[in-house]
Amino acid sequence: MGRYIIHRVISMVLTIFFIVTITFFLMHAIPGGPFTREKPLPEAIIKALNEKYKLDDPVWKQYLDYWKDLFRGDLGPSFQLKHRSVNELISLGFPITARLGLVSIIFTLLLGVPMGIISALRQGKWEDYTTMFLATLGVTIPSFVLATVLIYLFGVVWKVFPVMSSKLTRPIEYVMPVVALSGYSLSFIARLVRSSMLDVIKQDYIRTARAKGLSELKVIYKHALKNAVIPVVTYLGPLAAGLLTGSFVIEKLFSIPGMGGYFVNSVSNRDYTMIMGSTIFYSVLLVIMNFIVDIVYVLVDPRIKLVNVKEG
Amino acid sequence: MDKLLEIRDLHTSFFTHVGEVKAVRGVNIDLYQGEAIGIVGESGCGKSVTSLSIMGLVPSPGKVIKGEIYFNGEDLLKKSEKEMQKIRGNKIAMIFQDPMTSLNPVYTIGDQLMEPLRTHKNMDKNAAREKAIGLLKEVRIPDPERRLKQYPHEFSGGMRQRVMIAMALSCQPELIIADEPTTALDVTIQAQILELMKELKEKFNTSIMLITHDLGIVADLCSRIVVMYAGIIVEEGSVRDIFYNPKHPYTWGLLKSIPKVNMTSKERLVPIEGQPPDLLKPPEGCPFMPRCRYAMRICEQQCPGLYSVSGRHKAACWLLDPRAPAVEWDREGVSFK
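Those protein sequences? They're chains A and B, same order as listed.
At the far end of the first sequence sits residue 312, using this note's numbering, and the numbering has no gaps.
At the far end of the second sequence sits residue 1337, using this note's numbering, and the numbering has no gaps.
For the record, the hints were derived by calculation from the structure and aren't laboratory data.
Please read all numbers here as calculations on a predicted model, not as lab measurements.
Each hint should be verified, as a subset may be incorrect.
To be verified - Label pairs and their calculated CB-CB ranges: (1) B/Gln1172 to A/Tyr129: 32 to 38 Å; (2) A/Glu127 to B/Gly1073: 37 to 43 Å; (3) A/Glu127 to B/Pro1282: 55 to 61 Å; (4) A/Ser215 to B/Pro1282: 32 to 38 Å; (5) B/Arg1140 to A/Val284: 20 to 26 Å; (6) B/Val1018 to A/Arg303: 49 to 55 Å; (7) A/Ser195 to B/Thr1188: 36 to 42 Å.
No residue lacks a Cβ here, since even glycine has one placed at the ideal position from N, Cα and C.
Go ahead and model the full structure; you've got the sequences and the hints to work with.
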């Protein structure tokens, strides 16, 4: 286990290294730069700016310089938002996105897992049909459509929830963005749990548990559930990373000043440091989430042992 | 001796989308205290469904539609699910066919072994643990303290079946139903498991209902045999009756299909030709008729009742009718222990 973790950490560092390198060179390979405008800036200004941000240096030198800063934990200044560093912008945007994401993850799991279980246990009954109808809708309707409908109905027509969620300070502001953001993953998890639950309750060990005289509740809650959630754990890594980094569309629609907006804008603005900064931030988050999921996997399923491939 | 279990006219059917499959069609079985009975028949003859009916665990869309199952004088079919839960694992325990899949892969052996004790005997964790260690010793699993903390995948098939037996024994049930307990194991392990069951039966005076398709393994453990075919009982009697004086052509076929120790490689096993009938529409007459060498006209028209041969030896065959021609069963082809 200890050796496995060391190996994993090394491979995580390597992954991040490649992501940084590839992104850096791809970004520079695209024609134009952060100060390219439709209406060109005067030569002198561009020259001064390029000099200031060292954009005249050869790319490999810029690359090495970038690593030097990165080792100090400095993601550099933003090229677009003056007097703001990338670190600052991330620390400003991420907490909001993460709060929304965390609530969405909890909402997804607290609702999606029970929905799947109920629908499996009541297979072919109205509970099953209702849940699966909703889940199918949830998977097929894109989040921006869902968000727009929610805003129109609950925000504009019935005025139940605030339309502008902005800083997410009051619980009521979370409702619509969370529902819109987790609609897909919730439906996905409900369907996943349903199919794995249907598979598990046919297993011999469930019959053994019943033959022991356990109550139906205990059979399901103890013997079936732990087996049924194993596939969910696999999906948990990408899910957590996806929800935590948020969605540009949802943030835009609810005017939430989160990370999503910065990331998308940085790409269209060629804000080099911001592109690098958010990419690195996202990748680290994703890699760590997957690592945590692998560890959780072992805790849920004792048949899985964390060993290196070479050790067998 | 007191009657422990009395099954009267049991009918269990499966209501599938193509129609009602009559899996058990009027079965009567008596089981006395401390007795071991073998229920023998090929796959799909209704032996497992009979056992699940006793437990009240017939899987959906199956249902007991008629009959009574008295256990210590009380009809199990009239009991509520709650009352049945107090009986399952406590008064009647079950051992299943495949030990590889009958244990939950995500819980330790100890956890699963302690469950019935904590549920039925209200033991605290420590008492249940002590008892579980004792049980593992009883079924001769070495190093029980360590084994208790392990998961099913760390056990071999034979060892897992020992765990299942320990689990079944844990609350000292009056009846253990063993549904093909050795079928999934290889031959040497089979013998060990049977030996163990025999020993534990004598030690705890537990009644056993052994369900199997293999007549060979019944002889050792059981005193009486019930032969089932297509959801009905075709012959029942003591082990001696069934092996030395079988009366039903189906039993003859079963006996002939057991390999003999002194068989030469040129000799062949004699299989029972054909397939059992479709229980979606069971035949009017004797269900074995299409496969029977001795079938008469009456066999097609009417299902025979159980004829008494001697004492408790009965068989359901028209050949036993005084008007039928005499057909003698030749003993060739059967080996005895």
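Now the hints, each set against the structure:
1. Distance hint check for B/Gln1172 and A/Tyr129: the Cβ-Cβ separation is about 46 Å, which falls outside the suggested range of 32 to 38 Å.
2. The supplied range of 37 to 43 Å is met by A/Glu127 and B/Gly1073, whose beta-carbon atoms lie about 40 Å from each other.
3. Distance hint for A/Glu127 and B/Pro1282: a CB-CB separation of about 36 Å, inconsistent with the stated range 55 to 61 Å.
4. Between A/Ser215 and B/Pro1282 the Cβ separation comes to about 36 Å, which falls inside the hinted range of 32 to 38 Å.
5. Checking the proposed 20 to 26 Å range against B/Arg1140 and A/Val284 shows it is violated: the Cβ atoms sit about 54 Å from each other.
6. At about 38 Å, the CB distance of B/Val1018 to A/Arg303 disagrees with the hint of 49 to 55 Å.
7. For the pair A/Ser195 and B/Thr1188, the beta carbons lie near 40 Å from each other, so the given range of 36 to 42 Å is met.
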